[in-house]
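K.L.:
Letter by letter, the chains look like this.
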Amino acid sequence: MKKVLAFCLAMAMTASMAACSNSTGGSPSSAASAAPQGEQSIYYLNFKPEVASVYEEIAKAYKEETGVTLNVVTAASNTYEQTLKSEIAKTDAPTIFQINGPRGYASWKDYCADLKDTELYKHLTDKSLAVTDGDGVYGIPYVVEGYGIIYNQAIMDKYFKTSGAKAASMAEINSFDKLKAVVEDMTAKKDELGIKGVFSSTSLKPTDNWRWQTHLANVPVYYEFKDNKIDLTSDATKEIKFQYSDNFKNIFDLYLNNSITPKNLLGTKQVTDSMAEFALGQTAMVQNGNWAWSQISGVQGNTVKAEDVKFLPIYTGMPGEENQGLCIGTENFFAINKEAPAEKQKAAEDFLYWLYSSKTGKDFVTNKLNFIAPFDTFTEDEKPTDPLAKEVLNWMSKDGINTVPWNFTVFPSQTFKDDFGAALLQYSQGSKSWVDVKKLVVSEWKSESAQ
Amino acid sequence: MQKTLKKYFAVFALPTVIAFVIAFLVPFFMGVYLSFAKFTTVTNAKWVGTDNYVRAFSDSNFLNALGFTAKFTVVSVIAINVLAFLLALLLTRGIRGTNLFRTAFFMPNLIGGIVLGYIWQLLINGVLLNFGVDITFDASYGFWGLVVLMNWQMIGYMMIIYIAGIQNIPGDVIEAAQIDGATPRQTLLYVTIPLVMPSVTICTFLTLTNSFKLFDQNFALTGGAPARQSAMLALDIFNSFYGRMGYEGVGQAKAVVFFLLVAGIALVQLMLTRSREVEN
Amino acid sequence: MEHSGKRFNTILFVFLLILFFLFLIPILLVLVNSFKGQLFISNAPFALPDATTFSGIDNYVNGVQKIDFFRAFGYSLFITVFSVAAIILFTSMTAWYITRVKSPVTSVLYYLFVFSMVVPFQMVMYTMVKVANVLRLDNPFGIIVIYLGFGAGLSVFMFSGFIKSVPVDIEESSVIDGCSPIQTFFLIVFPILRPTAITVAILNAMWVWNDFLLPYLVIGTKFRTIPIAIQYLQGGYGSRDMGALMAMLVLSIIPIIVFYLTCQKYIIKGVLAGAVKG
Chain A
0 MKKVLAFCLA MAMTASMAAC SNSTGGSPSS AASAAPQGEQ SIYYLNFKPE
50 VASVYEEIAK AYKEETGVTL NVVTAASNTY EQTLKSEIAK TDAPTIFQIN
100 GPRGYASWKD YCADLKDTEL YKHLTDKSLA VTDGDGVYGI PYVVEGYGII
150 YNQAIMDKYF KTSGAKAASM AEINSFDKLK AVVEDMTAKK DELGIKGVFS
200 STSLKPTDNW RWQTHLANVP VYYEFKDNKI DLTSDATKEI KFQYSDNFKN
250 IFDLYLNNSI TPKNLLGTKQ VTDSMAEFAL GQTAMVQNGN WAWSQISGVQ
300 GNTVKAEDVK FLPIYTGMPG EENQGLCIGT ENFFAINKEA PAEKQKAAED
350 FLYWLYSSKT GKDFVTNKLN FIAPFDTFTE DEKPTDPLAK EVLNWMSKDG
400 INTVPWNFTV FPSQTFKDDF GAALLQYSQG SKSWVDVKKL VVSEWKSESA
450 Q
Chain B
0 MQKTLKKYFA VFALPTVIAF VIAFLVPFFM GVYLSFAKFT TVTNAKWVGT
50 DNYVRAFSDS NFLNALGFTA KFTVVSVIAI NVLAFLLALL LTRGIRGTNL
100 FRTAFFMPNL IGGIVLGYIW QLLINGVLLN FGVDITFDAS YGFWGLVVLM
150 NWQMIGYMMI IYIAGIQNIP GDVIEAAQID GATPRQTLLY VTIPLVMPSV
200 TICTFLTLTN SFKLFDQNFA LTGGAPARQS AMLALDIFNS FYGRMGYEGV
250 GQAKAVVFFL LVAGIALVQL MLTRSREVEN
Chain C
0 MEHSGKRFNT ILFVFLLILF FLFLIPILLV LVNSFKGQLF ISNAPFALPD
50 ATTFSGIDNY VNGVQKIDFF RAFGYSLFIT VFSVAAIILF TSMTAWYITR
100 VKSPVTSVLY YLFVFSMVVP FQMVMYTMVK VANVLRLDNP FGIIVIYLGF
150 GAGLSVFMFS GFIKSVPVDI EESSVIDGCS PIQTFFLIVF PILRPTAITV
200 AILNAMWVWN DFLLPYLVIG TKFRTIPIAI QYLQGGYGSR DMGALMAMLV
250 LSIIPIIVFY LTCQKYIIKG VLAGAVKG
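Line by line, the protein sequences are chains A, B and C. Residue numbers for the first sequence follow numbering that gives the first Met the number 0, beginning at 0 and rising by one. Residue numbers for the second sequence follow numbering that gives the first Met the number 0, beginning at 0 and rising by one. Residue numbers for the third sequence follow numbering that gives the first Met the number 0, beginning at 0 and rising by one.
Among the hints, erroneous ones may be present.
Said to hold, decoys possible - Distance windows between CB atoms, simulated: (1) B/Phe28 <-> A/Lys438: 44 to 54 Å; (2) C/Lys5 <-> B/Ala262: 43 to 53 Å; (3) B/Leu82 <-> A/Lys438: 44 to 54 Å; (4) C/Gly4 <-> B/Leu82: 21 to 31 Å; (5) C/Ile56 <-> A/Lys59: 22 to 32 Å; (6) B/Leu85 <-> A/Asn263: 34 to 44 Å; (7) B/Met270 <-> C/Arg6: 43 to 53 Å; (8) B/Leu85 <-> A/Lys59: 52 to 62 Å; (9) C/Asp49 <-> A/Asp190: 18 to 28 Å; (10) C/Lys5 <-> B/Val126: 33 to 43 Å; (11) A/Ser168 <-> C/Ile56: 38 to 48 Å; (12) C/Ser164 <-> B/Leu82: 28 to 38 Å.
Unchecked claim - In the EDC-like style, the derived pairs of lysine to aspartate or glutamate whose C-alpha atoms are separated by at most 16 Å in a straight line are: (13) C/Lys65 <-> A/Glu49; (14) A/Lys89 <-> A/Glu338; (15) A/Lys361 <-> A/Asp375; (16) B/Lys5 <-> C/Glu171; (17) A/Lys304 <-> A/Asp385; (18) A/Lys115 <-> A/Asp132; (19) A/Lys345 <-> A/Asp113; (20) A/Lys431 <-> B/Asp137; (21) C/Lys221 <-> A/Asp91; (22) C/Lys65 <-> A/Glu55; (23) B/Lys2 <-> C/Glu171; (24) C/Lys221 <-> A/Glu86; (25) C/Lys221 <-> A/Glu55.
Keep in mind the hints are simulated off the structure, nothing from the lab. All figures in this text were calculated on a predicted structure; none of them were measured in a lab. Note that CB positions come from ideal geometry on N, CA and C, so glycine has one too.
With the sequences and hints as input, model every part of the structure.
P.N.:
As structure tokens, then:
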């Protein structure tokens with residue numbers, strides 16, 4: 000009798016343990032748990048932490064309209080690849096994830112479904128933006144972003160009125176030489192202009208140096224690829240000469256020498272600091288992209304008016320740069336998990352199409368996510384209205400202006416970028432010569448590409 | 000009683016054993032196997048022999064982490080134990096406020112590594128700001144930052160153990176030494192220190208393993224910056240698994256090496272304590 | 000002689016007092032900065048808040064919303080309480096069984112438990128996450144099983160060590176009186192184990208509450224405990240709300256300090272016993 004009792008007790012214990020482990024449905028947060036039987040659910044692993052809460056609203060709206068559950072999980076900043084790696088191996092793997100271009104595709108090839116026949120792809124305005132391999136389409140860009148030198152029109156106007164100003168309006172500043180003359184004259188007159196420096200801090204803190212080692216470096220690398228007619232999807236991108244390194248140095252030195260912050264203090268500066276300096280009117284210019292609007296407008300004591308915030312292309316002294324525009328492109332591509340069950344893949348396609356074509360979805364994209372969407376389902380008046388996004392659209396539509404694409408999606412690895420950034424810091428502190436920086440870029444690019 | 004009890008395996012041992020098999024035994028043996036395999040998701044493993052180990056030992060990040068960890072462990076073990084012992088001496092003199100001091104010095108030990116890392120990041124960067132750099136500027140800043148952090152966290156804990164050790168010394172032994180004309184310094188060197196040696200062993204090994212296996216503090220304080228130069232072994236293994244495609248097997252091989260090192264330290268400790276027990 | 004000794008003690012007292020403040024500085028610094036606007040923190044961490052930099056409790060409100068702090072607190076509390084309870088209950092029973100029943104199986108088990116104590120987490124990290132996922136243990140309930148399994152080594156070892164020193168006579172007489180082993184355990188043995196149970200509880204509670212990597216990998220994308228939530232404060236494009244970070248650090252330290260000040264005696268005893276035996 001006792002034996003039976005003991006056995007029962009043991010069974011009860013193990014059963015309760017097993018029951019605990021199976022009861023995902025009863026877990027405190029049902030947001031992430033599996034949907035009840037017979038109902039569709041999509042798992043989207045979101046890359047952008049800054050819009051995580053918007054996606055939660057989108058999930059709610061989608062559920063109301065279609066009854067399909069969208070589980071949005073957001074990776075912490077800088078941990079997307081790592082989170083994706085651990086999530087994709089799980090039983091409930093993400094249905095929708097994102098890749099950051101050809102390099103990302105190379106890593107996640109085994110999981111990227113062909114999206115050639117999806118509705119969303121059919122509506123992509125510029126098909127060349129997609130990530131392709133042979134006939135297949137494996138990544139669809141879902142947002143277009145642009146960056147350049149953001150300037151404060153009010154401060155510039157004040158400068159143009161000073162005696163001996165090197166230019167009379169922004170329209171005259173269309174080359175590096177002109178920019179340099181103006182900037183240096185502004186530095187000389189900074190007290191008169193009421194600023195502490197022309198440029199915001201060149202943030203070289205290791206987590207915050209992507210504006211230079213990635214975004215700025217894109218410009219000379221773009222010209223190099225263009226001159227040598229390099230096919231971006233080929234192995235020819237595995238080596239560079241960094242032949243326009245002097246052009247990088249031109250503008251980088253200009254940033255450093257006319258900055259609000261002395262050169263040796265740049266290693267602690269974050270992007271947040273730079274944007275705050277600009278927002279508080281302490282500087283006239285800062286290199287960044289349209290995503291920075293929320294940072295500028297969100298600063299306490301902000302003195303910059305929305306209508307004064309504008310973009311200037313990054314001039315580096317290349318011949319013919321009068322026609323150069325902003326750097327516009329994307330590193331955000333939707334991919335759908337090939338390993339997911341077919342009906343989930345279908346549900347994911349439907350959701351993405353809904354988000355970028357239905358009235359509700361488009362409203363979220365334009366007004367909450369503030370994305371410039373690269374699809375023809377959006378009409379002229381369905382574009383974001385914040386000043387920087389408007390400026391990007393404005394520059395895109397200018398006649399005779401050549402937009403610089405985002406070629407940094409083929410930069411070899413994060414390690415390359417980190418090492419390049421560290422070298423830039425050492426250069427700015429005077430402990431590394433420019434020749435050595437150039438050498439490092441060339442050799443690191445090669446060795447990291449070989450990985 | 001043994002006979003009756005024996006039949007109750009299912010009640011008494013089974014739940015723990017099942018959990019133990021799930022959370023430890025199976026992952027452990029799978030881990031050993033996978034260190035000889037190429038895989039991305041565990042299920043698609045392919046045997047590659049010792050290839051992963053060769054790659055691990057030719058990985059400069061791993062070798063750097065090994066050196067960094069060894070150096071860090073030595074420095075922090077010495078610093079923590081010396082300081083903790085001195086504090087213990089001070090707090091066994093019956094000075095006013097001893098209880099308050101003991102309470103305060105011990106407290107950091109209870110705070111988790113991630114939180115500690117961010118607390119110290121603020122403080123260290125604040126100090127370094129005066130020199131125009133921050134903790135990610137150079138690996139040696141990260142190194143000393145971690146040493147200071149570890150001291151702050153562990154000193155109180157070790158101090159408690161030393162206090163217990165000192166208080167266990169019979170009062171008459173000290174008195175006898177004093178009557179025999181020993182100076183305070185002689186009493187310390189020839190009476191107190193030899194008698195707290197068991198505590199020294201315990202503390203040394205506690206700080207040794209804790210420093211060697213450090214992860215959270217390293218992750219939050221520097222994250223390995225600059226360029227993974229300040230990454231310790233545990234962080235480097237984590238980076239191999241989750242930071243790079245195609246390095247899962249290498250990460251597992253590094254983990255096995257890591258395990259062998261930790262086990263080696265434990266074995267030495269066991270031998271030391273055993274031999275003392277025999278002596279006594 | 001006596002007099003100079005007193006003076007010496009006074010000097011030492013002052014020295015300790017200075018050290019005391021040095022020890023508290025990091026925490027005070029975070030506390031002070033948690034009341035400053037986020038732009039004024041990393042640029043001047045040692046400056047006290049003034050009229051322009053003081054931001055009231057904005058950082059707290061902001062941070063609590065951003066990382067859903069109270070939910071994280073709930074997960075941390077739930078997982079810690081139930082994991083510790085499971086560990087105490089099951090490992091004490093197991094320890095009693097394998098100490099009292101001598102057989103090849105129990106001695107192999109004992110050595111396996113002891114062995115698991117020296118295995119660092121990184122060794123089983125990747126595979127454990129996989130196993131937990133396949134068995135659907137990747138939720139706040141399932142992770143209790145993981146904690147029981149991974150924490151079993153130290154706890155079984157500590158309970159066994161104590162049980163070995165308890166004479167077996169009482170237990171035997173209770174069995175002779177007609178008690179089942181289950182009754183014997185809960186009525187006779189477990190009360191004797193109480194001091195060790197407190198030690199085991201404290202050691203495991205400190206571990207589980209502060210643990211980062213295990214929950215981060217097993218359940219972290221969906222269920223964030225406090226350390227994970229704090230890690231999630233890093234924003235996009237390199238931005239980090241330093242104000243919210245400071246405020247959340249303060250909020251995560253408060254429960255620990257409260258717990259410590261109320262149970263100080265047990266905690267110090269517990270870690271002492273844990274250190275000597277572990």
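K.L.:
Decide, hint by hint, whether the structure agrees.
P.N.:
Outcome of the hint check:
The supplied range of 44 to 54 Å is met by B/Phe28 and A/Lys438, whose beta-carbon atoms lie about 47 Å from each other. For the pair C/Lys5 and B/Ala262, the beta carbons lie near 51 Å from each other, so the given range of 43 to 53 Å is met. For B/Leu82 paired with A/Lys438, a C-beta distance near 45 Å keeps the hint of 44 to 54 Å intact. For the hinted restraint 21 to 31 Å between C/Gly4 and B/Leu82, the CB-CB distance of approximately 24 Å keeps it satisfied.
Separated by about 29 Å at the C-beta atoms, C/Ile56 and A/Lys59 satisfy the suggested range of 22 to 32 Å. The given range of 34 to 44 Å is respected by B/Leu85 and A/Asn263, whose C-beta atoms sit roughly 38 Å from each other. Separation of B/Met270 from C/Arg6 is about 47 Å and conforms to the stated range, judged on CB atoms against 43 to 53 Å. At roughly 60 Å, the beta-carbon separation of B/Leu85 and A/Lys59 lies within the given 52 to 62 Å, and the hint holds.
About 25 Å separates the C-beta atoms of C/Asp49 and A/Asp190, a value consistent with the hinted range of 18 to 28 Å. For C/Lys5 and B/Val126, the Cβ-Cβ distance of about 37 Å falls inside the hinted range of 33 to 43 Å, so the restraint holds. A/Ser168 and C/Ile56 have their C-beta atoms about 47 Å apart, which keeps the hinted 38 to 48 Å range intact. The beta-carbon spacing between C/Ser164 and B/Leu82, approximately 34 Å, falls within the hinted interval of 28 to 38 Å.
For a cut-off of 16 Å, the pair hint linking C/Lys65 to A/Glu49 stands: about 10 Å separates their Cα positions. For the proposed pair A/Lys89 and A/Glu338, the alpha carbon gap of about 11 Å is at most 16 Å, so the pair holds. The hinted pair formed by A/Lys361 and A/Asp375 meets the criterion: a straight-line CA distance of about 12 Å does not exceed 16 Å. Taken as a hint, the B/Lys5 and C/Glu171 pair is honoured in the structure, with Cα atoms around 14 Å apart against an allowance of 16 Å.
Between A/Lys304 and A/Asp385 the CA atoms are separated by roughly 12 Å; this keeps the pair inside 16 Å, and the hint holds. Our distance criterion of 16 Å between C-alpha atoms is met by A/Lys115 and A/Asp132, whose separation comes to about 11 Å. Of the supplied pair hints, the one linking A/Lys345 and A/Asp113 holds, its CA atoms being roughly 12 Å apart against a limit of 16 Å. For a cut-off of 16 Å, the pair hint linking A/Lys431 to B/Asp137 stands: about 14 Å separates their Cα positions.
Distance restraint check for C/Lys221 and A/Asp91: the Cα-Cα separation of roughly 12 Å lies within the 16 Å cut-off, and the hinted pair is therefore satisfied. Simply put, C/Lys65 and A/Glu55 have alpha-carbon atoms about 13 Å apart, close enough for the 16 Å limit, and the pair holds. For the hint pairing B/Lys2 with C/Glu171, the CA-to-CA distance comes to about 11 Å; that is within 16 Å, so the pair holds. Between the alpha carbons of C/Lys221 and A/Glu86 the distance comes to roughly 11 Å, so the proposed pair stays at or under 16 Å and holds.
The hinted pair formed by C/Lys221 and A/Glu55 meets the criterion: a straight-line CA distance of about 13 Å does not exceed 16 Å.
Hint compliance for this structure: every hint is met.
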